[in-house]
Structures are given as structure tokens and as C-alpha cells.
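So the chains spell out like this:
Number of protein chains: 4
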Amino acid sequence: MGFFWSERLGRPASEPPSSGLTDRDKSLGRERAPHLVRAELEQRVRRVRAATEALCAELSAEDAALQSMTDASPAKWHLAHTTWFFETFVLRALPRFRAFSTDYAYLFNSYYEALGPRIRRDARGLLSRPPLAEVRTYRSLVTARLLELIESGQGDWDVLGPRIELGLHHEEQHQELILTDIKHLFAQNPLHPVYRHPPPSRTETAPLPVGYKAYAGGLLPIGKQGDGFVFDNERPEHLQFLAPYALADRLVTNGEYLEFIRDGGYQRPELWLSDGFRWVQERGIELPLYWQDGGENTWVTFTLAGLMPVSPSEPVCHVSYYEADAYARWAGARLPTEAEWETAARDRALQCR
Amino acid sequence: MGFFWSERLGRPASEPPSSGLTDRDKSLGRERAPHLVRAELEQRVRRVRAATEALCAELSAEDAALQSMTDASPAKWHLAHTTWFFETFVLRALPRFRAFSTDYAYLFNSYYEALGPRIRRDARGLLSRPPLAEVRTYRSLVTARLLELIESGQGDWDVLGPRIELGLHHEEQHQELILTDIKHLFAQNPLHPVYRHPPPSRTETAPLPVGYKAYAGGLLPIGKQGDGFVFDNERPEHLQFLAPYALADRLVTNGEYLEFIRDGGYQRPELWLSDGFRWVQERGIELPLYWQDGGENTWVTFTLAGLMPVSPSEPVCHVSYYEADAYARWAGARLPTEAEWETAARDRALQCR
Amino acid sequence: MGFFWSERLGRPASEPPSSGLTDRDKSLGRERAPHLVRAELEQRVRRVRAATEALCAELSAEDAALQSMTDASPAKWHLAHTTWFFETFVLRALPRFRAFSTDYAYLFNSYYEALGPRIRRDARGLLSRPPLAEVRTYRSLVTARLLELIESGQGDWDVLGPRIELGLHHEEQHQELILTDIKHLFAQNPLHPVYRHPPPSRTETAPLPVGYKAYAGGLLPIGKQGDGFVFDNERPEHLQFLAPYALADRLVTNGEYLEFIRDGGYQRPELWLSDGFRWVQERGIELPLYWQDGGENTWVTFTLAGLMPVSPSEPVCHVSYYEADAYARWAGARLPTEAEWETAARDRALQCR
Amino acid sequence: MGFFWSERLGRPASEPPSSGLTDRDKSLGRERAPHLVRAELEQRVRRVRAATEALCAELSAEDAALQSMTDASPAKWHLAHTTWFFETFVLRALPRFRAFSTDYAYLFNSYYEALGPRIRRDARGLLSRPPLAEVRTYRSLVTARLLELIESGQGDWDVLGPRIELGLHHEEQHQELILTDIKHLFAQNPLHPVYRHPPPSRTETAPLPVGYKAYAGGLLPIGKQGDGFVFDNERPEHLQFLAPYALADRLVTNGEYLEFIRDGGYQRPELWLSDGFRWVQERGIELPLYWQDGGENTWVTFTLAGLMPVSPSEPVCHVSYYEADAYARWAGARLPTEAEWETAARDRALQCR
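Read top to bottom, the protein sequences are chains A, B, C and D. With the working numbering as the guide, the letters of the first sequence map in order to residues 1 to 353. With the working numbering as the guide, the letters of the second sequence map in order to residues 1 to 353. With the working numbering as the guide, the letters of the third sequence map in order to residues 1 to 353. With the working numbering as the guide, the letters of the fourth sequence map in order to residues 1 to 353.
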């Protein structure tokens, strides 16, 4: 039986040393991906690798080197780490493999215990070397080797294919992190740097009134279904019983959240979990992350396009679990459970096909 | 719909200020307790209050005043806080109520936000005053008033009865804390104080081989069933689906845990959740809490009876969630979920009737 | 040549292990004290030991057990440590010596490295055992043995005499600490405990206008002069050149310090040393330690007699070096150097004879 | 009377707000510098500004942006701050002055309280913008304006001249910091970056035996003498009395320091000040900063030329006050006082003329 709740608390630090792969990645690689023809995989490698580089194309070497908090990593580190992943778990399996640099395992391993020691997480921002240009070269070479490998069909494809697919999903996760980490870094800078210019301004339209969509619940399958890639914490499929429930049919807006703020939401202990209210009080939190008081009853928020007015019709974001929970209680609702959300999302995905 | 998962993450910091009671306690008091006749309640008040005092009878004023870490409280504080609970939530509702001391609300409130400010948790060990003797007087007077109240039948018994019952369960929770907190305090003392002398030594008998008892699972009721007292996080009753599972028929012993240690359990990342392995490494953990190396391949452990050899046949205790999880993985098993455990425990309780 | 500035930065952690005594204490014991007849020493032992006990006579076991910050120690610890000092450095030299308790060296050694490991300083407040009563017994027995020893004249009196004298000065230092540490502990308690009742209220009289007394300076002897006891950082006598200077002829009053506060003293960076202004800002300091705003433009201060109004005519106290320095700059003066103060104090002592 | 001891503890946080300049810098500018003809000043401006840039010429934008600890600053910050100093204290006094950027005062002010708020010191390493290239442009423009100003002779030269001279000395201080901060940053990098290649290897020659040079002491002038620039903590000249003393005629070598280490120097409390021994124990210090065990009884040290063997004949460096003090005690000597050193250094400077 699996550990399907384990993602709430952490995950196994690594597989036994006897295994070639480690961590969750190995289990992810266990399944064959017969539905993937090599040509399709080649296209995806090109697309995903290029997308990561596009996200960093406008970053200077300085932008890419800094780490604004322990939980964030420099963009340069993300660029190298996702590359090290393919080098280590795919290319290393080939005959005549030679590592790009023997130092990179120490620098760009994240938390794969079985692969040896690695730099402290909070020291990733102390690496002015290797320079960004060298990391870009590293990316190019590894991508090229990867494409050659796919074309050649060399190696045990039942192992390599799923590993490459895993690497692509892994890299897509880091694409998200690149954006959140750059946003956090730029938010610390009094110059309010602009990562990318905003889309042409749209007419602000009032959101529709919120409605609730009902779900019947019942004994439902949760987790992996069918073929295709999933992460290990989505497996195995299992049954879960849900009582009937209803879910709002659109996201909560900034405007609605502002009503919560104006109603004293951050000052009213009865709306919060105990831990959450302590968190609010110890840190003096009164607004969502990145919001600032703009004076005269206005609010601004730091975005990837710099400081912008808070738009009342856009979805509220960068609120913590505690804030979301307190808002829900104030609004007379509650947050959905993971299984409720998964069921609703799957239902919606079916409708969208 | 209730927040039946909320106990995993915290709980609402308080009820709305309009309510008389706060926090989880109010909800606990919502149910009537018609099955409790007043005479029975009187007996329970006597018994529970006396049991708390018996736990502290051998403690000196010094023992009862110290706080060995922020998560622990001095025994004196437990004695007073459980009394303040009855004074505040039961006696205060009476006409002509006068508080024993106007300072006590500040000193002995724990985390009831709506009842005003209170001393910082980590400063509970800075209170040499009020002296232990005064706190004992406070206990006697409040117990006496409580018994008078029960005998008199004054007040709104539909409210007061359940609150008294809640107060008794609350006090029983603090009885557990008194023992764990005194153990922690005494464990810091190089003199290894003895809280109570051990029972006469028993013959050490080898534990039975472990077996597994199978459970069929299915769609099962979880949480409150029938009348009687429950805490709010045991409500409401709801259905949960469990796949078939099996549970060990006895607890893991110190001897078995020692095999895990000798097998390098604390050094093998593949056995641990990531968070857990970081916890182990950052704190240099190699043994359960209170265990010490006794030299020559022996172990001793600090107990309420002072330093004692680790008995291989007794259940292992003072292991964290992370340690239990790693042990289970090493042993080829996993920890049961809360619902699996509740179902098995209920089953066993039925058998024991 | 000595290290006569060393007291600014710390002092040698211990003497070489080959020596019987350690730390500064040995050097202190180097000088003979021929001027002390044994009878006189006996009287002083009685007086000093009794004075320490008188300071603690009204403390409960709880008062004496708590440690309110790492830099403070419980009164019980002071009572035991000063006793351990005589036991270790005087009685241990006698034939047939037996320690009161083999644990006490670990518990009550302060920082004598050569005498073995000792309890962490910040854990002195975790010792509910030994109880205060046992520590009082320990004191009585060691005092009695000490008096017997003096009466008997046994042992090498050239060594023991100076050590006893050193122990008496050492104990007088701890008498000061008992008072400052109890004050700090009681100040944390919302009940504002009273250590001793204040003297009958005196008529508040306005202080005399401040005058300045001139000193000619010159090449002057600093440090030990003549016979008699001194601590090691008062030796050796040496010459220091002082330019002419003048010193205020009375202490700064609370009333004068209040003018500094009202003039924005704590908010004006130009009055402070850089380090001091950072200290003020990081800790939000706006008043001397123990002062509180009493409302309506009044101030109260926590004293050994509990909370009292700030008397404008009394000397200001509990100000840090930084605050004293900033006040002096505001007042158009500066703090005296150590040598200026020593010279002025010696001059005054001569006048007082 | 001056505050000639103030450098031990900090210095006034700023001058009174009525003054144009702030902090110690104003007082430094108080003296005229009639000995400086403008042509000479122009040469020095060119030389000092170019020297700073030469130190950073080989640094990449990434090298120059990182901050490896709170006490260090990125090289980019040093480049900009020293420029901001001239812009603020010299160019701002000119008619038609326009700041290069209104943001720079916030970013590149160090601790001049009277000039408004500034970025937290430990956030200097979060500034990927402005880019290094922009800071270099800023330097060029400010240097050019400065040279124009000197050539034109505009402005109140009695004020501007001394301020420029102060700015040059200030910049030379930051040249030292650039080197120490880059060394610290590179030392954190597992790639051991090389800042500059070592000089061609010299034959290692054994150092001469140490001798002691005697000084007669007496009543001696300390601090500023004659014309010329001094920092404020070198003023005013005053007399200090020194007893006769002797000073080693060469620096302590790595080889000698290794003997101290091998003799258990770091483990022997009797050699250390109490504070120093606590520092050693709490941090597990066993070697000077940047030294590492090279295996087989050898030591390596991180230098600006990368990791290098410890040369026994070179002077030991990167030892703290505590280590120097402990070494001196071990060697049967003591550290000189500031006045002893100043007198000896002045004497030597005279000899070298």
C-alpha cells in the first residue's frame, strides 16, 4: 500500500543506495511510457528546454545569481540543476559518458542524498562562479547530447524514456520556481525592476456574482487513472468517500478580499486557526504578500511588471493557507479538501475536452 | 459541514466575541449531557481534582515552578490553569461571583484570545509568585465552590453541566502534561531526580512474536457515535472509506527499535521522509529522546523513576513521528492512518467490554 | 608587566593546570595578608556569610530557584556557588577533606575551566534540586568548617588566609548580583512582587545645582597602593598621565534625565555613538531599564519595593553605557575615563577619612 | 576635550542636524589643507579612483553583486558608495547640481543618519539592479565632474578641498574592504575562484630569529601632529605616559603559530581571555580563518590566488584579537597597547625617511 498522504509531511529522502536512481524520481521512472514515440519526445525536449531559457532570456548575469531567501534559488541555479538532472539520470547511463564538470554534482544537486554531499541550500546565492554564460553552455551541450541520444535510440529505452519524461516534468516545475523566485528577488529591490512589461491594459470588468456548483460525492477514485505520466504522490489510484459538497464557480477576487480586510479580518481571532493567528501577530501581517498601502485608501502590489494598482476584479493571490482559511470562514464557507478539489477539477477537465 | 481535518493544522483561535465561551471549549459545551446525573458529576469532580493534586503531591515548590522549555509549563501553572478554567467558564456565570484574584486571568489563561491578553507562553517559568501554597488554596476554594454549585443545582444546568464535564476532560489532558513536563524538567537535572520509585522489578520476559490482525475496511463511520462526551475534533460523525489493512497485534519494543539503530537506521536517508532526515541531521539525533549511551553496548533512559537501563521487552516510547515512520519503513510496514487506527481501536474497545 | 586593561575585554580563562588554584583567584591569593589577624578574619567570615543569608532570608524556595535571563543566576545558585568556592579553594586543602556532594562541583562551578566541566550557564534555572533547604545546610556546614579551621590555625596560613579573604570579597560581589538578579526576576512578574518594603517616605527635596570640581591631573599613580586586598585587575600600580579635568559634584538625577528624554534624546542620532543608536533602534528603547510610562506624563519604575513613581531628585540608574554617553553629550559634557574617576574617588576617600 | 577613546566602542552616529555634513566626516573636513595645491589634488583623484576600478577590473558582474555575510558588501556597492560620497558631499554643493539617480541615496548611503533612510545593511546583496555597467558609468561621470570642478576652482575651496581629500581617504579604506570582502565571498565557493594569480614562487627562506627592540617610554605625544590629513579619532594630540617596553622586531610567522596550534593552544583555557575561550568553544575554532587541514600534517589556506599551502615563513594573518592575545600569552609576551604601537610605528616611520 502506498503513502498517498505523504506529500503533506515530506517524502522519503531517498531510495536505497543499491538503486540507480534516487528519491521520488526512481519510482516516477518505473512506469513505461509506450505511448510516447521517440519523435514526440524529441519535440518535447526541444520545447521544454527552450521554454526555460526563454524565461531567463532577459535576466542579466546579476539577476540570475542572487538568492533573496533560503526557500528561493538563483535562476542560474535552476538552469543548471535541471540540466544536471538529465546529465545524471539519463546521460550518465551511456557508455563513454564524461561529466561536463566534476564540481557540478556538488553545486547543482538539490536533495538527492544518495548522490553525495551538496552545497547548503542557503548558500546557492554565494556562487558567482560558474558564470551564467558557462551554465548556458552546459545547457546547450546537455540538450544536444540528449537529442542525439533520442535520435540514436541507444540504451535501454524502457528505462531512459520514462526518465527523460520525468526530467521534462521536473524542469516544468522549476519553470514555475524561476518565476516565483525572480518575483521575490525583484520585490526586495527598491528600484522595483520590471521582469516583463504588462499586457496592454484591459477594461476592468466587474466579476460575475459567485455561484456554487454542487457535487454529489460518493465513493470515488482518487489519484492516477489511465496511462500517462503522473508524479509518485498521485499514485496509486484508490477510493475515497466524499459527502455531497459544493464549490464556488469562480476564484475569489482582490475586491472580495479587500472587504475581508476592511472588515477587520486580520484582527479577528475567531476567524483564524490558532497557528494562523499567531503567525499573523508575530509577523505583523495585515495584507497579502507583495501588497502595499498605496495611500488614500488604495493598494498597490508588486508584480512581474513592477508595482501595479491592485485590480479589484482579478483573483487574489499570494495568500497563505492561513489567510485562505480565515477568508473562507469569514465568507461563511470552508476550503475544499484535496479530494474534493481533485474530483471537481477532473470533472471540469472532462467537460473541457 | 465541519472541519474534521482541522486538528492536523491547528484550530480556530476563538469563537466570535459575542459568545460567552471561546475556542473549542464552547463547541464542546454545546451538547447536553443528560446521561449525567448531578451526583455522578460530583463524584467525578472530586476524583479528577484529587488525581491532579496527587500527581503533584510529592513535588516541591521549586519543582513546580520551573519551565524547562517553551512547550512545557510548570506544574504550578497546570494546577492553576485547570482551576482558572472552572472559575471562568462555570463559577463566573453565577450571581455574586468574585474572582479569587484579578491577576489570575492574565497569568493562567492559556490561549483564549477573546478573554484578553495573557502572559507569554515562554514566561510561565518566571513566576515565583503566586507561591505554590496559594495556588493550592485557590484549587481548594474553587473545588469547594464547584461542589456547592453542583449540590445546589443553581444556574442553567443545561449550560453548566456540559461545561463542568468539559472542564474535567480538560483537566485530564493537563494531567498527562504534568507528567511529560516534569519528566522533561527532571531530565535536564544532572542529579537525575526521581519523581516516583519504580514498581518492584519484574522478571524481564521476551515479547511474543509480532502478528498482524486483518481489518476488512469498507465505508465506515468515523468520529462521534452515540451520546457521551467528545472533543470537537471528534465531530461530526462522517463516513470514510478504508481499503483492507492489517495492524500489528502488539507495540514495537525497545529491543526491536535497537535493531533498527544497530542497522544504521539513523544514518540511512532512504528510510526517512526528507523533512525527517533533515531533522535528524540538523540536531544530530541518534537515539530516542531520553536515551543515553550507557557504555559497553548498553543504553539507559531517563524515566520518572530516574535513570534506568533500557528494557528490550518494553514498548519503545518518546520517538517522534519521523522516527516512527522511518522505523516502519525499515520494518517493511507503514504507520496506520488516523481512521485505520480509530477503527481498530473501536473494534478492540468493543471486544474489551 | 601586567594586563591592567584586561578587564575591559575579559580575563584569562584559567591559570595553567599545574597550579592548585585557577583563574584570577590564584593571583589574588598570591599576596600575604599579614595585617589580618585570625580573629579579625573570623569576624569577617561570620559577618559576610550572614549578610548573604540575610539578603535571601525573605525569598521563598520558588523565588530562589528561577533564572530570568542567561546573564542572571538564581539566588540559590549564588548561595551555593559562594560556598563551593570556600569548599574548593580552602577546605579541600585540608587533610581528611570530604566534599559535601560530589555533584556540586558540576552544578556550582561558575567558569573555572581547570576544575572540570560544569552546567551551562543558561541552565542554572533548571535545577529544582538540590532544594533550597539543602543549600542552606551546605552553607551552614561549610561556614562551620571554615570557622573551625580559622580557630585551629591548621594548614599553611600564608596560603589559606589570603584565599579566605579572597572568598569573602568574592561573596560580596555575589551579594550585589543577588540583588540585581532578584530585581530582574521580580520585574518580569505581572504581580510586581515586593522584595523589601521601602523606607518611610522622605520629603522630596530639590537637588542642589550641579557644580564642577577641578582636578589638576598630572602623572599619577593608578591601581593598587599600599597593603590590603585588591582584585588582580587593580594591579600593578602604574603611572598614568591625566590632563586637567573637572567632574560634576553630584550624580545626574532622574529629573535631569527626563529633560533629556523630553528633548527627544532617544530619537536624535547626533547624540549617540553609532553602536548605541543601533542598539536603541533595534530594541525600541525609549526609557531606562525598569521605567514605564505611568500615563498623563508620569513615569513609574520597578524597584525592590515594587512599582514606584520615578522620583525627580534621585540619581538616575539602570542606564547603559550608551545612554550615559548620549546624556553626557546632550548635557555638553563627557563621561570621565576610568583613571579620572579613580583619581577623583581616591581624593574623595582621603577627604572622608 | 576630545573623545580619544571612542574608537574602541563606536563613534557618534551623526553631527547635529544643523550642520551641512554629517557623522565623523564633517569634523574631518574642518581643517584646511593649504598644503594641497589643486593640481596635486587632481592627480590624486585620478590615481585613487583608477586604483579602485583596477581592483574590480577582473570581477564579473556576478562577482561584484554578491554579499557573503552581513559584515561584507558587494564590490558593486563599494564602487557606488564611494562615488555617492563625492556626489553628496562635494558635487551637491555646486549650483545646477543634478543627482545621477534619485534612488542612489537610498541604495548607497552607508550609515549617515542625517541623510535619510537607507537600505538595510544585510540587503545590499539583493540588488541585481542597478547593473554593474551602470555603476561604472556613474563612477566615470562623477569622477569627470570632480576633475572639472577642481580645474575650474569654482566653489568655496576651503570647504571643498578638505572634503575631496576626505573622500579620497574614505575611498582608500573601501579599497581594503573590496579585497577582504571578495576574499570572503570567493572562500565560500567550492570552486575556489582565483582573484589574481600569485607572484612567481619565491624561495622559501627561514625567518630570522625574533629580537626585541626596547623603547624608553615616558610622557609622549599621541595622535595628530603637524599638518596633513588625519581621521577624527586621531585627534586631538594629547600626552600619554608609557612605561619602558620592548616590541618584537618582526611579525609572527605561520610557522610559529603552527607551534602554538601543535602545543594544544586552542584547547588550553589558561592561554585565553574568558570571552575568547568561549568564542573558541562555541564556534569550534581550531585554526585561523581560511586555514584548512590539508591532510598528512599539512595545512592549506584560501588566498586571493585560490587555495595555497600555508607558508611557514610568511606572517600569520586572519587571526582575531582573541587568537593574537592567546598566542602572545603562550609565547611569554603580551600584545602592545595602541599607544605603544603608535609610538613605535612613528619612530620607525622617522627612521624610514
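One should not assume that every hint holds.
DSBU-like cross-link-like pairs, simulated, lysine-lysine; straight-line CA separation at most 35 Å [unchecked claim]: (1) B:Lys183 with C:Lys183; (2) B:Lys224 with B:Lys213; (3) D:Lys183 with C:Lys213; (4) D:Lys183 with C:Lys224; (5) D:Lys224 with C:Lys213; (6) C:Lys224 with C:Lys183; (7) D:Lys183 with D:Lys224; (8) B:Lys183 with B:Lys224; (9) B:Lys224 with A:Lys224; (10) B:Lys183 with A:Lys224; (11) A:Lys183 with A:Lys224; (12) D:Lys224 with D:Lys213; (13) B:Lys183 with A:Lys213; (14) A:Lys213 with A:Lys224; (15) D:Lys213 with A:Lys183; (16) C:Lys224 with C:Lys213; (17) B:Lys213 with B:Lys183.
Pairwise CB distance ranges, derived in the manner of DEER restraints [said to hold, decoys possible]: (18) D:Gly295 with A:Phe97: 21 to 31 Å; (19) C:Arg120 with B:Pro199: 44 to 54 Å; (20) C:Pro117 with B:Pro199: 29 to 39 Å; (21) C:Pro244 with D:Gly226: 23 to 33 Å; (22) D:Leu141 with A:Thr70: 31 to 41 Å.
The set of hints was computed from the structure by calculation and includes no laboratory data. Built from N, CA and C at the ideal position, the CB exists for glycine as well.
Point to revise | In rising order, the numbers of the hints this structure does not comply with | key: Hints 3, 4, 10, 13, 15 and 19 not satisfied by this model.
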